[in-house]
Amino acid sequence: MTIDGRQIFIRDLRNQGAPFFLYFINDRDNLSSRASTEINRMVRGYGKSKAKWYAISNAPADRARSYVVEFKPPYQVLMDDHLSTIQAFGIQNAPAVVMIDREGKVAKIWKGFSGPMLKDLNRTVARVNGKRVRWYDFSRAPSVTTFGEPFIQSRPGAG
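Position 108, counted from 1, in the sequence shown is what the working numbering calls 113; the numbers after and before it change by one each time, with no gaps.
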């Protein structure tokens, strides 16, 4: 669902045959915030690209709007406060990134957050967009894969 309440489905996100990325963030997890800073910087660095990005958050609308205000993401933030999409992709903890190929199939999943994960993701983003790999300093990311808190369904009045 979009922040403005429109129902949206994964099949609606297909991008004229180009791959796209789903970035799963946990509204209640500081690691998602740290990862967002790095991933947003990388996505912005490639500018206009073939591959679209979308965030999938377990946050209700008010908290999803707060994320947009705070992080100014270069992608649309979608809400999944009932966890249906998150669970359908087998994501248990954030952060995670899923690449969907041109045919609409899962091509790769990056689970957790680390410098090596970001480097691999960066190479993939460059390749998918037909661009040279940009250098980023990912030293602020953990050197080993780190996972955030498990996803929990948002509750009415939580916030």
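Heads up, some of the hints might be wrong.
[What the hints assert, rightly or not] EDC-like mimics (lysine to aspartate or glutamate), calculated; alpha carbons at most 20 Å apart, straight line:
id	residue 1	residue 2
1	K136	E154
2	K57	E108
3	K77	D34
4	K136	E75
5	K116	E154
Hints listed in this document are in silico derivations from the structure and should not be mistaken for laboratory results.
In this text, all values refer to a predicted model and were calculated from it rather than measured experimentally.
*Can the restraint linking K57 and E108 be considered satisfied, given a maximum Cα separation of 20 Å?*
Holds, at about 15 Å.
*Distance restraint between K136 and E154, which requires alpha-carbon spacing of 20 Å or less*: 34 Å, violated
*Hey, K136 versus E75, does the alpha-carbon distance stay inside 20 Å?*
29 Å, violated
*asked:* For a C-alpha distance cap of 20 Å, please report whether K116 and E154 respect it.
replied: Roughly 13 Å separates the two Cα atoms, so the pair holds.
_Pair hint outcome, K77 versus D34 [Cα-Cα no greater than 20 Å]_ = 18 Å, holds
Violated hints for the displayed structure, listed by number in ascending order: 1, 4.
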